[in-house]
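Taken in sequence, the protein lines are chains G and F. So for the first sequence, my numbering puts the first residue at 1; every next one is plus one. So for the second sequence, my numbering puts the first residue at 1; every next one is plus one.
Please note that the accuracy of each hint is not assured.
[What the hints assert, rightly or not] A short, non-exhaustive set of chain F residues, derived as facing chain G with CB atoms under 8 Å:
1. P39
2. P41
3. L44
4. R67
5. N68
6. G97
7. S99
8. V144
9. H260
10. A261
11. G262
12. K291
13. V292
None of these hints come from the bench; they were simulated from the model. The beta carbon of each residue, even a glycine, is placed where N, CA and C say it ideally should be.
Protein chains: 2
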Amino acid sequence: MQLDQATQEQLRQWETELADEYQRIVNQKLNLDLTRGKPSPEQLSLSDALDGILKGDYKAADGTDTRNYGGLDGLPEAKQLGANLMGVDPEDVLVGGNSSLTLMFQVMLTAHQFGLTGADSAWKNEGNVKFLCPVPGYDRHHTVCEQLGIDMIAVPMTDAGPDMDKVEALVKDDPRIKGMWCVPKYSNPTGVVYSDETVERIAALGKIAGPNFRVFWDNAYAVHDLVDNPPELACVMKACAQHGTEDSVIQFASTSKITHAGAGVAFVNASPANLKGFKQFLGTCTIGPDKVNQIRHSRFLPNRDALMKHMQGHAELLKPRFAAVLDALNEAFAESDLGNWQEPQGGYFVSFDTRPGCAQDTVRLAAEAGVKLTPAGATFPYGQDPEDRNIRIAPSVPSVEEVKGAMKVFVVCVKLASVRKQLAS
Amino acid sequence: MQLDQATQEQLRQWETELADEYQRIVNQKLNLDLTRGKPSPEQLSLSDALDGILKGDYKAADGTDTRNYGGLDGLPEAKQLGANLMGVDPEDVLVGGNSSLTLMFQVMLTAHQFGLTGADSAWKNEGNVKFLCPVPGYDRHHTVCEQLGIDMIAVPMTDAGPDMDKVEALVKDDPRIKGMWCVPKYSNPTGVVYSDETVERIAALGKIAGPNFRVFWDNAYAVHDLVDNPPELACVMKACAQHGTEDSVIQFASTSKITHAGAGVAFVNASPANLKGFKQFLGTCTIGPDKVNQIRHSRFLPNRDALMKHMQGHAELLKPRFAAVLDALNEAFAESDLGNWQEPQGGYFVSFDTRPGCAQDTVRLAAEAGVKLTPAGATFPYGQDPEDRNIRIAPSVPSVEEVKGAMKVFVVCVKLASVRKQLAS
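Let the sequences and hints guide you as you build the complete structure.
Structure, rendered in structure tokens:
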């Protein structure tokens, strides 16, 4: 199906056929959901040994009684788990509670309101500040900025990460740009892994940016591979060390999509100066994180090998679901001008770009046919996709058969929305 | 020992004797600690069945898979646990992570920066705002205000709670007073239980206060009794309902001193309007709390009877420690003018007031003799006890023998500091 070359007559015929097909789907009263970027029950069960793993031994290796208060920055063995996950030094890791989003919010709140390196460094001192958001991106990152009153500037994603020419030009030009959101590996939602050059250039931003510039490096999918020889992400902290910009990047990760999504352990990896400032803040709002859960996780995933082996279990469950999505897209659209997508080698999403102006209609049609998709625009700051093209597909929770069923509907909805748009233009 | 009636000669003789006794203690090179308001390992062990309690069943009563994301305001059975603890309706309870301090910080941040009932209600819109702090009080409450730039006004504690004549006069006079910290039962550190009249008058403050007034009701010791027929705290929320001031009080509690101190579950109890505003904020910084830990706690403490029975185990461990403190104080000071204290019927502390100007010296002397006490002034806003009198004694962690040993030192240090002060005056 090539819409650009189609005659009006051909378009009208397609519209009739597709409308019929769509109506048949509506009549089936389906109830399918491709919105949820979370593990399936089967994936969660891979970690059910967590509860009871302690067998009465609540002591950490250093003798800490994990049951009691304290330990603001986490147990040594939990820092090691974070280090294994992110490929960094355990000394540069702080271990939090169950949510890396909470840590990101807290670090951004600290940077904005209180200053990560003293009160003088607070972004709010400079008036309205701005943050770069590669698009499409993760809606909850955008919400954090919005909540804190930080203006967002969208920058386009490429196959190698954010468009670094644009990023560098913006950062050089405006010292009130205080940082950038990044999901550097299996980016949410595009699945892109930042290239070595991109990582290198991001590490160098601190040399051309205004004061107190901080990249928020959300390494949410660091070990979430779907292929046997997965791409390697360059270590941004090493690159920063070479540029002397260690304070300009703050890394986040968690076990949320490794063990139990709502009951995992989250990590911050940052320079000593950033960690010091953050801990100063953290000490005002908690006596310490849940160390019992930290020690559970440390015993469950005692080293990098155990971690990577555990992740293979996830990959086995996820692979056929991603294959169902990609097979359907290839079959329907490989020979068409109806959309573009990437084949992710890991992560939780497939990102599909419709023809301009067709995403909202597609999502609406799918919803009316019983297939829930993430709202169009959700991957853009302020929920506004200027070209109305991007749709995020999350296949992890439904069964393979359900994914196949939902993708059949998706394909028809994309085609119908596209043909109607073309007819109306 | 009565200093006010003593001659200079008598004082000098006491000083010599006490200095000798003190030196003998110093020579023992003790290492004792009365600073830590936390459970002892024996108390923590009362809850060791928590890990493994699920036996593979991670489902909540309503079918929620506790392992996955979501459930911003907590599981129904965890709300019930909070309701059992605070004596309120489960629908008015939100369940958080492991820290009620974090919830208090987050609620105060919301009230100050973002507004609990819409952006117009944010305290910061009114410029510098103030908060009442009954003294002596809990240092971490003060730290939250300080971090957020909220000025603190100290109001004295009486045997029935905060001095309500002063509180009402202040609140009436200054609409920028936005609330008051309260630990209404077994107040930290005095052990006072607010009288029914105090609770009633606090519930009525919302009628005379400026806009967006919020009492932070930290019911940290709601079920932490040390006696068989413990005093009952009136329900502030019921009193508020009668006055139509439901929005003016926000209650907090947690299982921190019930199960595992660092790995418990924390609760907020508030009006629908306050909960709605708080959840709006909370949704920007977390996908949800650790529901696995919530279900563990709900199974471990399934009803009010189980909760109260569990607390008896704590009381049995704490009673002899408190007795050791109170016996030592009675023996040494009952017939003296060297200090005042109350006999708490629950909670974690004994609060001792020295003669004016003697607290810092006492704490320093004790430290030099190997007995660590909470820094003098810690119980006051900005760490400043204007009369330098209050010392907080926390006997829960050391053994009974250690408490007895530490109190011997404490008594000598109080006497020595007091005699020297009197000699110098």
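Outcome of the hint check:
The criterion of a C-beta within 8 Å of any C-beta in chain G is met by P39 of chain F, whose closest approach is roughly 7 Å, and the hint holds. Hint status for P41 of chain F: holds, given a least beta-carbon distance of 6 Å to chain G, under 8 Å. Against a cut-off of 8 Å between C-beta atoms, the interface hint on L44 of chain F holds, since the closest Cβ of chain G lies about 4 Å away. At its closest, the beta carbon of R67 of chain F sits 4 Å from a beta carbon of chain G; the interface hint therefore holds under the 8 Å criterion.
Interface restraint check: N68 of chain F against chain G, minimum CB-CB distance 5 Å, threshold 8 Å, status holds. A hinted interface residue such as G97 of chain F counts as satisfied when its beta carbon comes closer than 8 Å to some beta carbon of chain G; here the least separation is about 5 Å, so the hint holds. Interface restraint check: S99 of chain F against chain G, minimum CB-CB distance 5 Å, threshold 8 Å, status holds. Proximity of V144 of chain F to chain G holds as hinted, the smallest CB-CB distance being about 6 Å (cut-off 8 Å).
This hint holds: H260 of chain F has a C-beta 4 Å from the nearest C-beta of chain G, less than the 8 Å allowed. Taking 8 Å as the C-beta contact cut-off toward chain G, the hint placing A261 of chain F at the interface holds, the least distance being around 5 Å. Taking 8 Å as the C-beta cut-off, the interface hint given for G262 of chain F holds, the closest approach to chain G being about 5 Å. At about 5 Å, the closest approach between the beta carbon of K291 of chain F and any beta carbon in chain G falls short of 8 Å, and the interface hint on this residue holds.
Contact between V292 of chain F and chain G, as hinted, is supported at the beta carbon level, the nearest pair being about 4 Å apart and thus within 8 Å.
Checked against the numbered hints given earlier, the structure satisfies every one of them.
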